[in-house]
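Chemist: Below are the chains, spelled out letter by letter.
There are 2 protein chains.
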Amino acid sequence: MTYLDDFEFLGNTNKVPDFIDGLKSGHSLFSLVLSYTETCEIPGITIAGADKDSIKFTPPADAEYLYYGYCKTIDKIPMTPDGKPTPALLTKMALDSANIPHIVINAGSKISPQLPFIQTGLSYGRNILVESAMSDSQVSHAVDYGRMVGKHLASMTDCLIIGESIPGGTTTALAVLRGFGFKAKVSSSIPTNPYELKNEIVNTALERLNSNDPYHVISKVGDPMIAFVAGMLSSASEITKVMLAGGTQMTAVLAFASKIGFNVKNTAIGTTCYISDDTSSNFKSTVLEIADIPVIAVNPGLSNSIFSGLKAFSEGFAKEGAGAGGSIISSMIKTGNDSSDFLKLCEKEYDRLFTSL
Amino acid sequence: MTYLDDFEFLGNTNKVPDFIDGLKSGHSLFSLVLSYTETCEIPGITIAGADKDSIKFTPPADAEYLYYGYCKTIDKIPMTPDGKPTPALLTKMALDSANIPHIVINAGSKISPQLPFIQTGLSYGRNILVESAMSDSQVSHAVDYGRMVGKHLASMTDCLIIGESIPGGTTTALAVLRGFGFKAKVSSSIPTNPYELKNEIVNTALERLNSNDPYHVISKVGDPMIAFVAGMLSSASEITKVMLAGGTQMTAVLAFASKIGFNVKNTAIGTTCYISDDTSSNFKSTVLEIADIPVIAVNPGLSNSIFSGLKAFSEGFAKEGAGAGGSIISSMIKTGNDSSDFLKLCEKEYDRLFTSL
Numbered sequence: 474m475t476y477l478d479d480f481e482f483l484g485n486t487n488k489v490p491d492f493i494d495g496l497k498s499g500h501s502l503f504s505l506v507l508s509y510t511e512t513c514e515i516p517g518i519t520i521a522g523a524d525k526d527s528i529k530f531t532p533p534a535d536a537e538y539l540y541y542g543y544c545k546t547i548d549k550i551p552m553t554p555d556g557k558p559t560p561a562l563l564t565k566m567a568l569d570s571a572n573i574p575h576i577v578i579n580a581g582s583k584i585s586p587q588l589p590f591i592q593t594g595l596s597y598g599r600n601i602l603v604e605s606a607m608s609d610s611q612v613s614h615a616v617d618y619g620r621m622v623g624k625h626l627a628s629m630t631d632c633l634i635i636g637e638s639i640p641g642g643t644t645t646a647l648a649v650l651r652g653f654g655f656k657a658k659v660s661s662s663i664p665t666n667p668y669e670l671k672n673e674i675v676n677t678a679l680e681r682l683n684s685n686d687p688y689h690v691i692s693k694v695g696d697p698m699i700a701f702v703a704g705m706l707s708s709a710s711e712i713t714k715v716m717l718a719g720g721t722q723m724t725a726v727l728a729f730a731s732k733i734g735f736n737v738k739n740t741a742i743g744t745t746c747y748i749s750d751d752t753s754s755n756f757k758s759t760v761l762e763i764a765d766i767p768v769i770a771v772n773p774g775l776s777n778s779i780f781s782g783l784k785a786f787s788e789g790f791a792k793e794g795a796g797a798g799g800s801i802i803s804s805m806i807k808t809g810n811d812s813s814d815f816l817k818l819c820e821k822e823y824d825r826l827f828t829s830l
Numbered sequence: 474m475t476y477l478d479d480f481e482f483l484g485n486t487n488k489v490p491d492f493i494d495g496l497k498s499g500h501s502l503f504s505l506v507l508s509y510t511e512t513c514e515i516p517g518i519t520i521a522g523a524d525k526d527s528i529k530f531t532p533p534a535d536a537e538y539l540y541y542g543y544c545k546t547i548d549k550i551p552m553t554p555d556g557k558p559t560p561a562l563l564t565k566m567a568l569d570s571a572n573i574p575h576i577v578i579n580a581g582s583k584i585s586p587q588l589p590f591i592q593t594g595l596s597y598g599r600n601i602l603v604e605s606a607m608s609d610s611q612v613s614h615a616v617d618y619g620r621m622v623g624k625h626l627a628s629m630t631d632c633l634i635i636g637e638s639i640p641g642g643t644t645t646a647l648a649v650l651r652g653f654g655f656k657a658k659v660s661s662s663i664p665t666n667p668y669e670l671k672n673e674i675v676n677t678a679l680e681r682l683n684s685n686d687p688y689h690v691i692s693k694v695g696d697p698m699i700a701f702v703a704g705m706l707s708s709a710s711e712i713t714k715v716m717l718a719g720g721t722q723m724t725a726v727l728a729f730a731s732k733i734g735f736n737v738k739n740t741a742i743g744t745t746c747y748i749s750d751d752t753s754s755n756f757k758s759t760v761l762e763i764a765d766i767p768v769i770a771v772n773p774g775l776s777n778s779i780f781s782g783l784k785a786f787s788e789g790f791a792k793e794g795a796g797a798g799g800s801i802i803s804s805m806i807k808t809g810n811d812s813s814d815f816l817k818l819c820e821k822e823y824d825r826l827f828t829s830l
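Here the protein sequences come in this chain order: A and B. So in the working numbering, the last spot in the first sequence is 830, and the numbers never skip. So in the working numbering, the last spot in the second sequence is 830, and the numbers never skip.
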């Protein structure tokens, strides 16, 4: 049994060996893009945070946990109301075990993390149920700065992995995909995916569209993360390999990037099998509809965990986030660890975090 | 004639070949640290800026010029009242010609640059003539964040080049060196180095010292750049090669770093011959007194320029800054360009900038 047995390949599988070789022999760099959409404040939309008022602390706290192993903005690491930890736990174990460097980017987080981060000057996105997400100039700013950051980071690495932390982001992702004409159904951090609520929000938001101009769609129903990461992908993929680390939100990034241009040959999506196997979403078919790229989905083996908090990821909670899937894939390729090795690392960390509370 | 003829080697010259080999075969990353000390507002201290009110725009404008080829914060690139350009012109030509990536760090600039940059949350330093530069906790913050940034950037590159843009920084550098007991005389951006004024400021500032604790010295008479870059050097030199790109200000960084610890084996200083040949300062002997490291000084050949604005660098104006010397050294090693090739690049850029005004 090797880590390859933990991988599932979708999309353009011809390009997979090239990506794996690149990740094995070259240097990778992980970037975590923090952002915020007020859409997450609609009750019932997300569980990223112990309660409504603490949701805005999740992105900076994820970043702080990756840096320090603990958070500064809040007391404990981000978790659901019943104590299930942030997927950043998986990301941290993946990056640390493979010694993959990472950098934090603030692309519209409501709260700045207490660590050195790349500042972009972007504001958070507005609640798309009631108003436009961003002004046109904010979308341009996000794309322009994304392009600059993507170009600079790409020139420092052989593979740029991009993850995100934006609570409520699956709802704006759904709106963007629908706005571009895809019949997307998206995953959620909640096992009983709140479809009706999401659809209601998205349908209301889409009424605001009066053109299919890509910038207009992002401005009316998107979020700063989608605009910024699409900009990053657009420039970085011209220079080096890029792995979008995430599920449905990265599908929306891909959809927007396909409008503004990016190098398909250097691009892949890396995610967890909890996303790709999610029958409530149509992740796979949506990616294939957008771009001819490889998708690597990893089974991190958490269903075998002795801890219910880790097992929960395999049962539909969180599923993905903070670039967990792409980080695990890069890490396994670099270290040769398989899912049982990785699970041991996560259990040790889980134990450290929850016995020290 | 090769670029090696343009180099002068000082200090521990045994380590020079290893540094040159590393710069030739590996990837370099240039980081520009922006900062500010209100000490620069003392009339007569600096010419970094067309007038007193515009000095604070010099660090962000230097960074913007490196990024965009023009400035956003101000209309023209930073220049002296009589039109001599910022040394960032040299840095830009060096980095661009060798395709060396760079990243901007805000470590206490009064004004943020209009581009993506690493944010540290540091405030600018106070005027050491009248008050302490920083609180103790600000010094710790600067060192801690410097260590974090240094660690992360070092893990992305084979050689981290660190430059600075802090107007008035030679005066705080002098104060720090004296505070640590070195009989330093420092260079200035002004040909008729305003010794008496500097000494008067430094002597007054040093009266504030009541201990030789290194953090105390930086807090009372230093600036945020010195604390931050020493932190960067301290962690980065444990991971990869580091070239401090600058003159007397980097000597002060080295002095503080030698107190908080750094890896001497991986450290060098790169500067211009306009600094190392400056008879009004004792740059060489001060470096040797502090640490057993190699110093590479490059002659960029600007004395042969047809433009008086470029020739001025060789006549004592600016001399160095924005990491020019270290960038030129890294660039020549990477491209094989010698000083006459480099001069052509600078003249072309100078022509572009000043005919487009």
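Among the hints, a few may not be true.
It does not matter which identical chain is meant; a pair holds if it fits inside one copy or across any two.
[Unchecked claim] With a straight-line cut-off of 30 Å between C-alpha atoms, the simulated DSSO-like cross-links for lysine-lysine are: (1) K583 x K624; (2) K656 x K549; (3) K807 x K732; (4) K757 x K732; (5) K656 x K821; (6) K656 x K497; (7) K583 x K545; (8) K757 x K549; (9) K583 x K529; (10) K497 x K624; (11) K784 x K732; (12) K807 x K525.
Derived by calculation from the structure, the hints in this document are not laboratory data.
Chemist: Compare the structure with each hint and give your call.
Modeler: We went through each hint and held it up to the structure:
Taking identical chains as interchangeable, the C-alpha atoms of K583 and K624 lie at most 30 Å apart whether they share a chain (25 Å) or sit on different chains (27 Å). Proximity of K656 and K549 under a CA criterion of 30 Å is satisfied in neither setting, with 38 Å inside one chain copy and 50 Å between copies. Taking the shortest Cα distances, K807 and K732 never come within 30 Å of each other, neither inside one copy (33 Å) nor across copies (37 Å). For the identical chains of this complex, K757 and K732 are intra-copy neighbours only, at 20 Å inside a copy versus 56 Å across copies, given an alpha-carbon limit of 30 Å.
In the homo-oligomer, the alpha carbons of K656 and K821 never lie at most 30 Å apart, since the shortest distance is 41 Å inside one protomer and 54 Å across protomers. When the C-alpha separation of K656 and K497 is checked against a cutoff of 30 Å, the pair qualifies neither within a copy, at 36 Å, nor between copies, at 52 Å. Both within a single protomer and between protomers do K583 and K545 lie at most 30 Å apart by alpha-carbon distance, with minima of 15 Å and 26 Å respectively. Taking the closest pair of Cα atoms, K757 and K549 never come within 30 Å of each other, the shortest separation being 35 Å inside a single copy and 51 Å across copies.
Taking the shortest Cα distances, K583 and K529 sit within 30 Å of each other both inside one copy (6 Å) and across copies (28 Å). Taking identical chains as interchangeable, the C-alpha atoms of K497 and K624 lie at most 30 Å apart whether they share a chain (22 Å) or sit on different chains (22 Å). In this assembly of identical chains, the alpha carbons of K784 and K732 never lie at most 30 Å apart, being 38 Å within a copy and 48 Å across copies at closest. When the C-alpha separation of K807 and K525 is checked against a cutoff of 30 Å, the pair qualifies neither within a copy, at 38 Å, nor between copies, at 53 Å.
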